[in-house]
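Hints given; two lone chains; assemble the complex.
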Amino acid sequence: MRSPVSLWRGFLARPNDDRVKIFGVAFLTAVFSAVVVTVASVTLEPLQDAHLEAERAARMEQMLDTLPGMRDIMAEAGVDALTTRLVDLETGAFVEEPDPETYDLREAENDPERSVEIQPEADLARLGRRARIAPVYLLERDGDILLVVLPVSGKGYQSTLRATLALHADLTTIAALTITEQAETPGLGARAETPQWQDLWAGKEVTDETGQIVIDVVRGQAKGPHEVDAISGATITSNGVANMLRYWLGDDGFGPFLDRLREEGM
Amino acid sequence: MNATLRYLTEPLIANNPVTLQILGICSALAVTTTLQTALVMSGALTAVLVLSSATISLMRNHIPNAIRLIVQIVVIATLVVVADELLQAFAFEVSRQLSIFVGLIVTNCLVLGRAEAFATRNPIGPSVLDALGNGLGYSLVLIIVGTIREVLGTGSLLGYTLLLPQAEGGWFEPLSLMQLAPSGFFIIALLIWAIRSVRVEQIEKPQHQLSRSEVEQ
Numbered sequence: 033m034r035s036p037v038s039l040w041r042g043f044l045a046r047p048n049d050d051r052v053k054i055f056g057v058a059f060l061t062a063v064f065s066a067v068v069v070t071v072a073s074v075t076l077e078p079l080q081d082a083h084l085e086a087e088r089a090a091r092m093e094q095m096l097d098t099l100p101g102m103r104d105i106m107a108e109a110g111v112d113a114l115t116t117r118l119v120d121l122e123t124g125a126f127v128e129e130p131d132p133e134t135y136d137l138r139e140a141e142n143d144p145e146r147s148v149e150i151q152p153e154a155d156l157a158r159l160g161r162r163a164r165i166a167p168v169y170l171l172e173r174d175g176d177i178l179l180v181v182l183p184v185s186g187k188g189y190q191s192t193l194r195a196t197l198a199l200h201a202d203l204t205t206i207a208a209l210t211i212t213e214q215a216e217t218p219g220l221g222a223r224a225e226t227p228q229w230q231d232l233w234a235g236k237e238v239t240d241e242t243g244q245i246v247i248d249v250v251r252g253q254a255k256g257p258h259e260v261d262a263i264s265g266a267t268i269t270s271n272g273v274a275n276m277l278r279y280w281l282g283d284d285g286f287g288p289f290l291d292r293l294r295e296e297g298m
Numbered sequence: 008m009n010a011t012l013r014y015l016t017e018p019l020i021a022n023n024p025v026t027l028q029i030l031g032i033c034s035a036l037a038v039t040t041t042l043q044t045a046l047v048m049s050g051a052l053t054a055v056l057v058l059s060s061a062t063i064s065l066m067r068n069h070i071p072n073a074i075r076l077i078v079q080i081v082v083i084a085t086l087v088v089v090a091d092e093l094l095q096a097f098a099f100e101v102s103r104q105l106s107i108f109v110g111l112i113v114t115n116c117l118v119l120g121r122a123e124a125f126a127t128r129n130p131i132g133p134s135v136l137d138a139l140g141n142g143l144g145y146s147l148v149l150i151i152v153g154t155i156r157e158v159l160g161t162g163s164l165l166g167y168t169l170l171l172p173q174a175e176g177g178w179f180e181p182l183s184l185m186q187l188a189p190s191g192f193f194i195i196a197l198l199i200w201a202i203r204s205v206r207v208e209q210i211e212k213p214q215h216q217l218s219r220s221e222v223e224q
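Residue numbers (this note's numbering), protein chains in the order written: chain U, 33 to 298; chain V, 8 to 224.
These aren't lab readings, by the way, just hints derived from the structure by calculation.
Don't be surprised by glycine CBs; every beta carbon is placed ideally from N, CA and C.
Check the hints yourself; a few may be wrong.
Unchecked claim - The calculated label-pair distances, taken between Cβ atoms and stated as ranges, are: (1) V:I77 to U:T115: 30 to 36 Å; (2) U:R88 to V:G166: 55 to 61 Å; (3) U:G287 to V:I77: 39 to 45 Å; (4) U:S191 to V:I210: 45 to 51 Å; (5) V:Q28 to U:A66: 31 to 37 Å.
Excised from the complex, chain V in its bound form (with noise of 0.2 Å):
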């Protein structure tokens, strides 16, 4: 049993898509200003994450080696097609937001790499699973830093207001900087920082090092 929950809970954060295996970023930087559309980003990458390794893992005895890649990401590019048609017609206004970046699931190297890595070699059960975590763990970063970005940026979230702006008679200043692409990277980069502070096994082993002779001369 212990063994089946670590597919469910490795990927939160000890295996964490975004913040370790660095995966996902475009779309964690681009759908992150509000904390609504990361919620609904969150939700339509997890179940096209969960429905696609799902299927690929009920197929995987007969996917034929020379055509898998193919194969996969047809499976992955209908349902990201129909879980765009679904929220053009019943949450259309957050699917004017998200604009291309639900289709641009098709590209998330998350999906794609979940598929390849995971659900082509592990039966249906432990795919779900680790779609289902994987799909969390990405959630989890897109929600963490759509509420900062939506806070710190306009000063409420999810339409109430928590620090009353100055043009509105508070004292808070918002800092526009949040609802650009930059601040993005800083808040994720804060993360990969304070979640490696803590966890040392995560820090990278530089991929270069200089030989003793070349530090020598």
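Extracted from the complex, chain U is given alone in its bound form (with noise of 0.2 Å):
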């Protein structure tokens, strides 16, 4: 048996237009490149959740700035954020357990233990699996609700987008609609997060006088209260997006939550 040391020599001796060195050379650069790159995203990933995380914050603040006397409500109700609260989606009832400061939908979106398949009729934001729990944040004042923001997400044309919509309290007019991650093709779908087109969402109503969710993106011209303009070029994207809304305010998603919070108020 020879030594490592010396198969490594001989390795190295042999001609570079030798089959093994020409394997050995492509198999020794791939694992060496994959083991670089793996440590550096794993060492890496918390300090950038951190960004991400922080940049969510501020745009849960900026949104909160676009909302019209939201300030002056908030000031009034003597607030500065909004209250954070776990839903189980399934009934739509709050939960105590556990901690809404420390829960992580994320974590618990990709963790088989705290998820559900969705079932593929079901599945209009193409998300295959979404968690038990889900965080909303809430603004009231005297026990009244004035705002409700979800968190929502989906499948856009190449990647899932994340978002928050800002219901008012009638719970079907949109306060704002918030897209707070994408990585769509950039000039077209990643104007999904434009002011310009995110701001077309507010005052539209999702639900019809029968409760139907209607609310839809079109293409051309929008009408009525239900209509949003597609982005030009990215008809795929603006669709993810609508589904999404349709999906999460639906029976699958935030429906029960929606409709307990109608009957029974907080």
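Structural data, given as structure tokens:
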């Protein structure tokens, strides 16, 4: 049995057009690269996540700033941030465990114990799985809901979009839709993130008189309170956003929670 | 000593990768709207270029000719991914502005060009100096273009107001064209023209000339 060192020397001494050397060099380069990339990605992930988290918080703040009068109401109610509560999506009821402050929705989505498979026919947002418990952000005054903010997500053209949907007290008028994360085609689908497009959603109504979810994007001229113009050149992304809202407002998403809120209040 | 230093100084102007070899133009246009993004991109590209040249120079005697481009690209791509991850972790705002252009360093001909033309044939010392020189030559162009575009396009530089815009009570009217891609072309073209007016040896011969008989017809 030769020692590893002499094996290595033997390998290096092979001519460069030798098959073993070609495959060996290719393999070793690939392994080495994979290790370097993996180490960098894993060790830097907490730092990157902290930045993303800070950005999400900043966007939530920004969204509150764009809502007319919201800051005044908050000042009047004596709160400077929204209350975070956790909701069991199936029953629509608030849950007290785990702690809303430390609850990580992404982690829960990927944890088979804490997530459920979405039935293909119900999976409008093409997510595959969703967490059992999701956070909601509420603004209330004297026990009355003023604003409900829901985290939503769904597949666009090439990435998973994440957004926050803020609903007014009637639970059907959109106060704001903010895309918080996307990796769609720059210049096309990525325009979902621009204020110009997001502003189109404010004031739209997600349900009609009978309570059906009717919000949708249309190509061309949007008419009425339930339609929003699609991003030109990015129909799939636009439809993705509409489907994401329809899914998360529907029975499989926050539907039970919103029903409960309508009937029982806080 | 002088010969060694030439590896470093030659690519700055005499053999500048952007203005003479016309490489790396895509990123030079895209990230030069402000000086800050130009600086970060310059740093990222120079780091990737130096490290990839060093790695490839160390491996040069053992890279099989049949797969040499693949091996070089894998080394470069690995370094680019690491650079991108580092930027996302430590310079998040800037990495957002640079978006896909850090990732596109992989396809920057400058990096593969130096690896293929120089690092595969030279020991590590000259390879690193050559890579550093080329990185600095690229950076020099980016910094000049970034400075001109930011000052003329917004009236400020790195957040400091140099020319007070009219909107804030000054006299300066920001040239919004400077913030758009065409101005990058204009400035780089003017730069090339300026360099070649001084250094006439850089002017390329026309690749195709009419023969006498064609002219006479």
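So which of those numbered hints doesn't the model satisfy?
Of the numbered hints, 1, 2 and 3 do not hold.
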